[in-house]
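A.B. asks: The primary structure of each chain is shown beneath.
Number of protein chains: 4
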Amino acid sequence: MKKPIIDLNADVGEGFGPYTIGSDKELLQHITSANIACGFHAGDASTMRKTLEMAAEQGVAVGAHPGYPDRLHFGRVVLPFAVDELVDLILYQVGALQGLAASAGLTLQHVKLHGALYHVTASDRKLSEAFLDAIVRLDNPLVIVGPPDSILQQEAEDRGLDYAPEGFVDRGYSDEGKLIPRGRPHSLLTDASAAAEQAVELARDRRVKTVSGKKLDMKVMTLCVHGDTPHAPEIAARVKGALEAARIGVQPIRKMFE
Amino acid sequence: MKKPIIDLNADVGEGFGPYTIGSDKELLQHITSANIACGFHAGDASTMRKTLEMAAEQGVAVGAHPGYPDRLHFGRVVLPFAVDELVDLILYQVGALQGLAASAGLTLQHVKLHGALYHVTASDRKLSEAFLDAIVRLDNPLVIVGPPDSILQQEAEDRGLDYAPEGFVDRGYSDEGKLIPRGRPHSLLTDASAAAEQAVELARDRRVKTVSGKKLDMKVMTLCVHGDTPHAPEIAARVKGALEAARIGVQPIRKMFE
Amino acid sequence: MKKPIIDLNADVGEGFGPYTIGSDKELLQHITSANIACGFHAGDASTMRKTLEMAAEQGVAVGAHPGYPDRLHFGRVVLPFAVDELVDLILYQVGALQGLAASAGLTLQHVKLHGALYHVTASDRKLSEAFLDAIVRLDNPLVIVGPPDSILQQEAEDRGLDYAPEGFVDRGYSDEGKLIPRGRPHSLLTDASAAAEQAVELARDRRVKTVSGKKLDMKVMTLCVHGDTPHAPEIAARVKGALEAARIGVQPIRKMFE
Amino acid sequence: MKKPIIDLNADVGEGFGPYTIGSDKELLQHITSANIACGFHAGDASTMRKTLEMAAEQGVAVGAHPGYPDRLHFGRVVLPFAVDELVDLILYQVGALQGLAASAGLTLQHVKLHGALYHVTASDRKLSEAFLDAIVRLDNPLVIVGPPDSILQQEAEDRGLDYAPEGFVDRGYSDEGKLIPRGRPHSLLTDASAAAEQAVELARDRRVKTVSGKKLDMKVMTLCVHGDTPHAPEIAARVKGALEAARIGVQPIRKMFE
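Order-wise, the sequence lines are chains A, B, C and D.
Residue 1 is where the first sequence starts when you use the numbering used here, and the numbers rise one by one after that.
Residue 1 is where the second sequence starts when you use the numbering used here, and the numbers rise one by one after that.
Residue 1 is where the third sequence starts when you use the numbering used here, and the numbers rise one by one after that.
Residue 1 is where the fourth sequence starts when you use the numbering used here, and the numbers rise one by one after that.
These aren't lab readings, by the way, just hints derived from the structure by calculation.
Some clues are possibly wrong.
[To be verified] BS3-like, lysine-lysine: derived pairs with alpha carbons at most 25 Å apart:
no., chain 1, residue 1, chain 2, residue 2
1, B, K50, A, K126
2, C, K126, D, K50
3, A, K2, A, K50
4, C, K219, C, K25
5, C, K178, C, K2
6, D, K215, D, K2
7, C, K50, D, K126
8, C, K2, C, K219
9, B, K126, A, K50
10, B, K219, B, K25
11, B, K2, B, K215
12, B, K255, B, K25
[To be verified] So the derived list for chain A, only partly shown, Cβ under 8 Å to chain C, looks like this:
no., residue
13, V77
14, P80
15, F81
[Claimed, not checked] Okay, the calculated beta carbon distance ranges per label pair:
no., chain 1, residue 1, chain 2, residue 2, range
16, D, V211, C, A82, 45 to 51 Å
17, A, M256, B, R182, 54 to 60 Å
18, A, H186, D, K3, 54 to 60 Å
19, B, R247, A, A82, 43 to 49 Å
20, A, D158, B, Q251, 40 to 46 Å
21, B, D191, A, D158, 55 to 61 Å
Model, not experiment: these values are computed from the prediction.
For each residue, glycine too, the CB sits at the ideal point set by N, CA and C.
Full structure from sequences and hints, please.
C.D. replies: Rendered as structure tokens:
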């Protein structure tokens, strides 16, 4: 029987000028794919370059993490812009990171939308279509990371694109398989052992325990640890340790499509 | 005897949101290379995409026109940032435009720095070196456009890079072959016939008449018409007409390096 | 019988750095109250100061015109931010203009919200309340300009605040007395004589002809001419001329509350 | 003999959207005057309002802390803008804070420029003059905080303005009485007892020990503790304790001018 494998991703490079969020250097030691903020909801050119270099040092695959142009709300508020404009903003951000990556000798592995843009796109057919049709024309083929069982996943698979459905190790799930919105009770799992348990269940059993205690089928290829969760590096280390203890291979997404 | 050839370039895509500068659509009918603002001193993602599409419709080659992150001064003030940071800001902008270009099926031909960054880089050895060493690692090889007889030209040629020295058809030159700074007398040639005359002299005779009336040798491969000069499209049309009347071939830079 | 009086207002100072919108200098010759953009949807500190000075030269009363922090969409898109935050953003902008005005020896007469924020606030009770409760505590009492028969008007009058309901001379009205949204047919009256006619009817007869031709009662104290409408200064001149020909007094809002 | 008195100030409100710097709540317990960032080098409207509220709760006097419009470098890089423009940017920021303060029932006590703008202004006569001539026309008279023995101090005193010369408890001084630039050795005193000692010497003996060990006369009315120094609240507490132990009165600047 084939050994199960999973990717472990985290949002990094979320600082800006004098500001930092999270402990990227520590976090990068425990993950296999890094989602790098692209200067709109967080990050800036120099932070991006330094984050790319840190990821490369740790052998972590790099991807673009574009968001709404809204630093004040960290990309977590839905901005009702037109589909065309959103796609332009995404291409701009992905391209900017690709420019910095190329100059550092790196190639982007994936793209994962950030925050409100992640959720809005995944459940909007027109935006999913426009996003995918634009991304597919970039010079480097990118794996699309997004929620499982979403319109975005359908559209990506219809186009024959590499799509990696994603689970969250440190977020609570509703009985419908949706993330509990931030700010609501049970939205965050701050306990490292609960996160590790959820990670193993998602990776090995391909299901998740919902808030009500129900077990829900959920097929994911990558697991997200949030960099801005308190003690993110410890959670990531614990999750990775638990996955390895359960004999699950932890490796970058790209390898699963080769 | 070989027919002389020259490229005709202009800065375009300098609008921002509701604002426009110049008449890009008209201007693009008369030039062969377009320098597209990249969202820092001017431009935004959607303006960039639309400008790329307009250029493609007219068969105009496209290039990146990165500048200081300073919309208020249109990139015309020297911002004393560190070399590393400036290179990061340039790569970010070039990459962003490349992302939008790739999605539109286009490839960038060149990079030309904007405003104060153009002048600062061309005469600073460390910045020239860092800029070129970064640009050369991008996925697509780009022609570097900059002033003739500059440190930037030396460094580009030392590296074996394609460098296109540039003359200005609508700017006055000092006896030292430098542009008269904006705001000073004779800095701008607003008369179309004077611009056309300067263009032909630069393209055919490889020299320019300075403010004092002196003739100065100047070897250039591309001529810039400013998009924000009043009546820019008329000047560009007049310049192109005069070049063609003088039997000078007008074509994109890239071809001269093939 | 008392001579009818009306204020004529326009949005000015909508440039940004190298960009300009409209012909403020000409427009200011024909209006009595200027709504000055405050640097979030348009304008910047120096543009604000110069606009204050130009208004003062023409004897035009000045007011704050705060909008959403969104230059790309000129404040015309609804950004779903929290009430508290919107009030903070408004106070920031009004205060900034007041600082520049005080330094120029001027006092603000009024505040009129801009674009999407104007419409959202006028029809949202919580936002109307929070906005008014904050504005009333500023050092200088400001007249509130907003739509007639709105929640904002009710709340302002409940608080005993000076409220100036506003009509638009160059916008079409629905049968419900609402503006036809921009982009829809009949949303803009670009014909100067139609605008002049609508102005006189609003000022003298206190009613407006709707898109369907119906006459609707509408009590307004100020009339807005848009600065970004093509030929805005001509429309303003025509409107003012028509009001004066109809023996309607044209004067700043503040005087009507004295 | 009269008991010596001194003000203790700190830079606060330096967060931005999701980002925070320093521990304002703790720091405010130990100071008498708060310099609040105004949204250009740091801070935003809501952060400013919350910081004003926190200061008011602790009975701390509030002042404006305007800086260059450059979040990336936290206002620490000199931006070579024109005098007029810098004054416009300062008035904009001071006014914005005043608007938020007025709405919270507070009046600004002082203005202290931030970072590079603090140093540039204090040693430039034209900028000092223009800054003071503009500030004096604001609705509320503000104490000007700046370096001792500076052009700014001369110009303020020539105009009969309240000027509070400032010393730094946690920065090293050269033999010329200038701050050792950040990044150089001895620029920061991170040891709380060294800071406390320097504070007492400045407040009681009106002199400071320079890097070379020399004692230099220095007349200051306010002492700055940096909020972004590691352990800023502890240093502030230690400084305040040492001042009180030395029987020096610690109170807001304004009182010294009454």
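A.B. asks: Does each hint fit the structure? Answer for all of them.
C.D. replies: Hints and how they fare:
1. B/K50 to A/K126: holds, 20 Å
2. C/K126 to D/K50: holds, 20 Å
3. A/K2 to A/K50: The given pair, whose Cα atoms are some 37 Å apart, is violated under the 25 Å limit.
4. C/K219 to C/K25: Judged against 25 Å, a Cα distance of about 30 Å means the pair is violated.
5. C/K178 to C/K2: violated, 29 Å
6. D/K215 to D/K2: holds, 23 Å
7. C/K50 to D/K126: holds, 20 Å
8. C/K2 to C/K219: Since the Cα atoms of C/K2 and C/K219 sit roughly 16 Å apart, the hinted pair holds (cutoff 25 Å).
9. B/K126 to A/K50: Judged against 25 Å, a Cα distance of about 20 Å means the pair holds.
10. B/K219 to B/K25: Not OK: B/K219 and B/K25 at ~30 Å, beyond 25 Å, violated.
11. B/K2 to B/K215: Cα-Cα ~23 Å, so holds.
12. B/K255 to B/K25: holds, 23 Å
13. V77: Status holds, d = 6 Å.
14. P80: holds, 6 Å
15. F81: Cβ of A/F81 sits 7 Å from chain C, so the hint holds.
16. D/V211 to C/A82: 45 to 51 Å: holds, 49 Å
17. A/M256 to B/R182: 54 to 60 Å: Roughly 56 Å apart at Cβ, these two residues keep to the hinted range, so it holds.
18. A/H186 to D/K3: 54 to 60 Å: The hinted range 54 to 60 Å holds for A/H186 and D/K3, with Cβ atoms some 58 Å apart.
19. B/R247 to A/A82: 43 to 49 Å: holds, 48 Å
20. A/D158 to B/Q251: 40 to 46 Å: At roughly 42 Å between Cβ atoms, B/Q251 and A/D158 fall inside 40 to 46 Å, so the hint holds.
21. B/D191 to A/D158: 55 to 61 Å: For A/D158 against B/D191, whose Cβ atoms are near 59 Å apart, the range 55 to 61 Å holds.
Comparing the model with each numbered hint stated earlier shows that hints 3, 4, 5 and 10 do not hold.
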